[in-house]
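**Student:** Listed below, chain by chain, are the residues.
Number of protein chains: 2
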Amino acid sequence: MKETNEPIMGLGNPIEGKNFTGEAWLKTLSAEPGFDCQVYNVTFAPGVRNSWHEHSVGQILLCTEGVGYYQEKGKPAQRLKTGDVVNIPANVTHWHGAAPDSQFTHIGITPKASENEAQWFEPVTDVEYAEAVGSK
Amino acid sequence: MKETNEPIMGLGNPIEGKNFTGEAWLKTLSAEPGFDCQVYNVTFAPGVRNSWHEHSVGQILLCTEGVGYYQEKGKPAQRLKTGDVVNIPANVTHWHGAAPDSQFTHIGITPKASENEAQWFEPVTDVEYAEAVGSK
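Sequence order for the protein chains is A and B. Just so we're aligned: the first sequence equals residues 0 to 135 in numbering that gives the first Met the number 0. Just so we're aligned: the second sequence equals residues 0 to 135 in numbering that gives the first Met the number 0.
FYI, nobody ran anything at the bench for these hints, they're computed from the structure. From the three backbone atoms N, C-alpha and C, an ideal C-beta is built for every residue, glycine too. Warning: the hint list may mix true and false statements.
Examples of chain B residues toward chain A, derived with CB under 10 Å [claimed, not checked]: (1) 8; (2) 40; (3) 89; (4) 124; (5) 126; (6) 129.
Stretches of chain B that chain A covers, calculated by requiring three or more beta carbons in the stretch to come under 8 Å of a beta carbon on chain A [to be verified]: (7) 32-38; (8) 52-63; (9) 70-81; (10) 106-116.
Derived pair list, reagent style DSBU-like, types lysine-lysine, alpha-carbon separation capped at 30 Å [what the hints assert, rightly or not]: (11) 26/A - 26/B; (12) 74/A - 80/B; (13) 80/A - 17/A; (14) 17/B - 80/B; (15) 80/B - 80/A; (16) 17/B - 111/B; (17) 72/B - 26/B; (18) 111/B - 80/B; (19) 111/A - 80/A; (20) 17/B - 74/B; (21) 72/B - 74/A; (22) 72/B - 17/B; (23) 111/B - 111/A; (24) 72/A - 17/A; (25) 111/B - 26/B; (26) 26/A - 80/A; (27) 74/B - 111/B; (28) 26/A - 72/A; (29) 80/A - 74/B; (30) 111/A - 74/A; (31) 111/A - 72/A; (32) 111/A - 17/A; (33) 72/B - 111/B; (34) 17/B - 72/A; (35) 26/A - 17/B; (36) 74/A - 17/A; (37) 26/A - 111/A; (38) 26/B - 80/B; (39) 111/A - 26/B; (40) 80/A - 111/B.
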């Protein structure tokens, strides 16, 4: 049985649905209507990533634990480690997830939540993932 | 010489000015104009707190390391530990800072930054601080 480490901001609940390739967890940290800003903790099991997607305003990732990757369509992947911050631009197709050998946790911040729409596309294939992480 | 531990999101630069009672550090994590949301890491040396203040929209604190306190005017202080989240309501006078014996770090998120004005008031006196943390 695999061991899942509890991240500092908490693990939350398993993410259901088809937008992740395997085990991942979501914990909502803040969703005050008056702030129009949603904050959550996302934890990916090793090798797990989300599908290609984009946000109409953008999103902020704060990498708190483990090693992961972030890739914008058509660009080389970025290796992410504890302390890294990603400002995901508006309407840029991308994915993020764990390194093959590391659980990975980031805080996600969705600003202007009421107008910040996510669009989800195809999964990141094993070939795409291997290429993204292969040379790092 | 006191030892300052590097927090996971980084220490940043010393905070100058009169709104903190002692050593504290600020690292800006995100300040994209298009997001209208500011994110920073604040680290307080043991015993250090900021002055009474308020935000016109409110603010989110994510406690990542150490033990601290948050107090709203007229209420008992809340003891904060790793993993705790505080949604600070709009226009509520409050302070936050470290426990007497612990360095304390939180991420601060300022939503609707362009309209979210901070107002700073008096320092938290030693008597107020001792009362806040005394029974915890």
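**Student:** Evaluate each hint against the coordinates.
**Tutor:** Tested hints:
1. 8: 5 Å, holds
2. 40: Given a least distance of 9 Å, the restraint on residue 40/B holds.
3. 89: With Cβ-Cβ at 6 Å, under 10 Å, it holds.
4. 124: Hint violated; residue 124/B Cβ to chain A Cβ min 30 Å, cut 10 Å.
5. 126: This hint is violated: residue 126/B lies away from chain A, its Cβ roughly 32 Å from the closest one there, beyond 10 Å.
6. 129: 29 Å, violated
7. 32-38: holds (count 5)
8. 52-63: Per the Cβ count (5), the hint holds.
9. 70-81: Violated - the segment 70-81 of chain B has 1 residues with a Cβ nearer than 8 Å to chain A, which falls short of three.
10. 106-116: holds (count 4)
11. 26/A - 26/B: 25 Å, holds
12. 74/A - 80/B: Violated - the C-alpha atoms of residue 80/B and residue 74/A are around 39 Å apart, more than 30 Å.
13. 80/A - 17/A: Cα-Cα ~26 Å, so holds.
14. 17/B - 80/B: Roughly 26 Å separates the two Cα atoms, so the pair holds.
15. 80/B - 80/A: Status holds; Cα separation ~23 Å.
16. 17/B - 111/B: Holds. Residue 17/B to residue 111/B sits at ~25 Å (cutoff 30 Å).
17. 72/B - 26/B: Between residue 72/B and residue 26/B the Cα gap is close to 27 Å, so the pair holds against 30 Å.
18. 111/B - 80/B: Answer holds: residue 111/B to residue 80/B is near 26 Å, not above 30 Å.
19. 111/A - 80/A: The hint holds at about 26 Å.
20. 17/B - 74/B: Measuring from Cα to Cα gives roughly 24 Å; hence the hint holds.
21. 72/B - 74/A: 50 Å, violated
22. 72/B - 17/B: Holds. Residue 72/B to residue 17/B sits at ~20 Å (cutoff 30 Å).
23. 111/B - 111/A: 8 Å, holds
24. 72/A - 17/A: With a Cα-Cα distance of about 20 Å, the restraint between residue 72/A and residue 17/A holds, given a limit of 30 Å.
25. 111/B - 26/B: 19 Å, holds
26. 26/A - 80/A: Satisfied, since the Cα-Cα distance of roughly 20 Å is no more than 30 Å.
27. 74/B - 111/B: 26 Å, holds
28. 26/A - 72/A: 27 Å, holds
29. 80/A - 74/B: It is violated: about 39 Å lies between the C-alpha atoms, which goes past 30 Å.
30. 111/A - 74/A: 26 Å, holds
31. 111/A - 72/A: Answer holds: residue 111/A to residue 72/A is near 24 Å, not above 30 Å.
32. 111/A - 17/A: 25 Å, holds
33. 72/B - 111/B: 24 Å, holds
34. 17/B - 72/A: With Cα atoms ~46 Å apart, residue 17/B and residue 72/A exceed 30 Å; violated.
35. 26/A - 17/B: Outside the cut-off at roughly 36 Å; violated.
36. 74/A - 17/A: 24 Å, holds
37. 26/A - 111/A: Status holds; Cα separation ~19 Å.
38. 26/B - 80/B: Distance ~20 Å between residue 26/B and residue 80/B Cα, so the pair holds.
39. 111/A - 26/B: 23 Å, holds
40. 80/A - 111/B: 28 Å, holds
In summary, the structure is inconsistent with hints 4, 5, 6, 9, 12, 21, 29, 34 and 35 from the numbered list given earlier, while agreeing with the others.
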